[in-house]
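When the letters of the sequence shown are read in order and numbered with our numbering, they come out as residues 112 to 454.
Some clues are possibly wrong.
Stated by the list, open to error - So the derived label-pair ranges between C-beta atoms look like this: (1) 298 - 357: 29 to 37 Å; (2) 241 - 189: 27 to 35 Å; (3) 322 - 442: 30 to 38 Å; (4) 186 - 115: 44 to 52 Å; (5) 148 - 450: 40 to 48 Å; (6) 297 - 148: 54 to 62 Å; (7) 167 - 222: 37 to 45 Å.
It should be emphasised that the hints constitute simulated quantities derived from the structure, not laboratory data.
Virtual Cβ for every residue (Gly too), placed ideally from N, Cα, C.
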Amino acid sequence: MSLAALLTPGCRVAVADGLGAPRSASAELSRAAAGVGGVQLVLGWLPTPDPDLDLTSYHDVAALMGGWGMRDAIRAGYARGIPVRWSQVPGLMQGRLRPDILLAGVVPARDGGLTFGSEVSWMHAAVAAGAQVAAVVHHGAPRAYDGPSLPAEHVVVVGESSVPLTPLGFTAPDDVHREVADRVAGLVPAGARIQVGPGALGSAIMAAVTVPVRVDSGLLVDGILDLERRGLLLGTPIGTYLAGGEKLLAWADGRGLLHPVEHTHDPTRLSTGEPFVSINTALEIDTQGNVGIEGPPDKPVASPGGHPDYAAAGARSAEGLSIIALPTAHRGRPALVDRLSGP
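Build the full structure now, drawing on both the sequences and the hints.
Structure, rendered in C-alpha cells:
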C-alpha cells in the first residue's frame with residue numbers, strides 16, 4: 112500500500128527514529144503530505160539530517176529531540192523543538208501528540224511477524240495508543256528487541272529496504288577527554304550499573320572504566336564491545352537505541368538488548384537495586400550548580416532527552432552517583448559561568 116492512501120487531511124504522522132529510521136520512505140511521505148494537506152509531523156531522535164524529508168510539506172513539525180539532525184531545521188524555523196525529557200514522551204504519544212500513523216523501520220520477528228530492530232524507544236507507546244504502523248521492512252538490519260511482534264491488524268507494509276543501516280560514529284577523544292575520563296572512572300564502584308552519554312567524552316569514559324559494570328543506558332554505544340573484550344561487562348546491556356558502528360550492530364543482532372523507554376527511563380527501576388551511576392556531559396555549569404545542555408535559545412545545540420531522567424536516578428540511587436563531566440572550556444568559552452546561556 113502507498114503512503115498516500117493512508118494519509119488524510121489534518122492527520123498526524125510520527126516517524127520512528129534512530130539508526131533504523133525509515134529514510135527510504137521520507138521523500139514519498141513528504142510528497143503525499145503535500146498532496147493531502149494539513150499533515151502534522153512528529154520527529155524523534157535523528158542522528159543526522161534527513162535530506163529527503165521536506166519539512167515544508169507539513170502543516171506543523173514537532174521535534175522531540177532538538178539537536179543532532181534537527182538543529183539546522185529548528186534554527187531555520189522549519190520545525191519547533193519540544194523541550195521534553197525522554198521519560199515524558201510516551202505520555203505525549205498517548206495524549207497531545209498522539210499519532211494517527213507511525214512510519215517505522217521494522218525487521219522480521221522470530222514468530223514470523225514484524226518487530227522493532229535497532230531501536231524501540233517511544234514507538235512502543237505510539238503503537239499502544241492505537242497508531243497504524245506504516246512499516247518499511249529493513250532486511251539485514253539487526254534485531255535487538257525480544258518483545259512481542261507488532262499487532263498484525265495494525266501493520267501495513269509500505270516498503271522494503273536491503274540497504275544496510277548507516278553506522279553512527281563520534282569524534283575521537285583527545286587528551287583532555289581522557290584526563291577527565293580517568294577522574295570519572297575512579298568514582299565508579301565495581302558491580303555498578305552505568306549510563307554514559309554519547310560522544311568523545313563518553314567514549315573516553317567507557318575506555319577508562321577498570322572495574323566490572325553493567326550498562327543501563329538510553330544509547331548503547333561501541334564502548335560496550337571494549338568492556339566485553341576486557342572482561343568488564345556484566346550481564347546483558349539495557350538500552351532503547353543502538354548508537355554505534357558496524358561491529359556493534361552485528362554484535363547486537365539476536366540479543367535482547369532493547370526495551371521501550373517506559374522501562375529504560377523508569378526512575379524507580381533505575382534508582383533501586385545495584386548502585387546506579389549516571390555519567391553525562393554539558394555545555395556549561397553555573398556557579399549555583401545548574402547544568403546547561405541545550406545552548407542559547409536562538410542557537411539550540413541539544414534537547415533534554417534522557418539527561419535529566421538519568422541524572423535524577425543517579426542522585427536517588429543508594430551508593431549511586433549523578434556525574435556531570437566536562438572540560439573547563441567549550442570551543443574557547445569557559446564551562447563555568449555566572450549564568451547559563453540557555454534553559
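Verification of the hints:
1. Our hint of 29 to 37 Å for residue 298 and residue 357 holds, since their Cβ atoms are close to 32 Å apart.
2. Range check, residue 241 to residue 189: about 28 Å between beta-carbon atoms, so the 27 to 35 Å window is met.
3. At roughly 33 Å, the beta carbons of residue 322 and residue 442 sit within the given window of 30 to 38 Å.
4. Between residue 186 and residue 115, the C-beta spacing of about 31 Å breaks the proposed range 44 to 52 Å.
5. As the Cβ distance of residue 148 to residue 450 is approximately 44 Å, the hint placing it in 40 to 48 Å holds.
6. Between residue 297 and residue 148 the CB atoms are about 58 Å apart, so this pair conforms to the stated range of 54 to 62 Å.
7. Here the CB-CB span from residue 167 to residue 222 is close to 41 Å, well matched to the stated 37 to 45 Å.
Checked against the numbered hints listed earlier, the structure breaks hint 4 alone; every other hint is satisfied.
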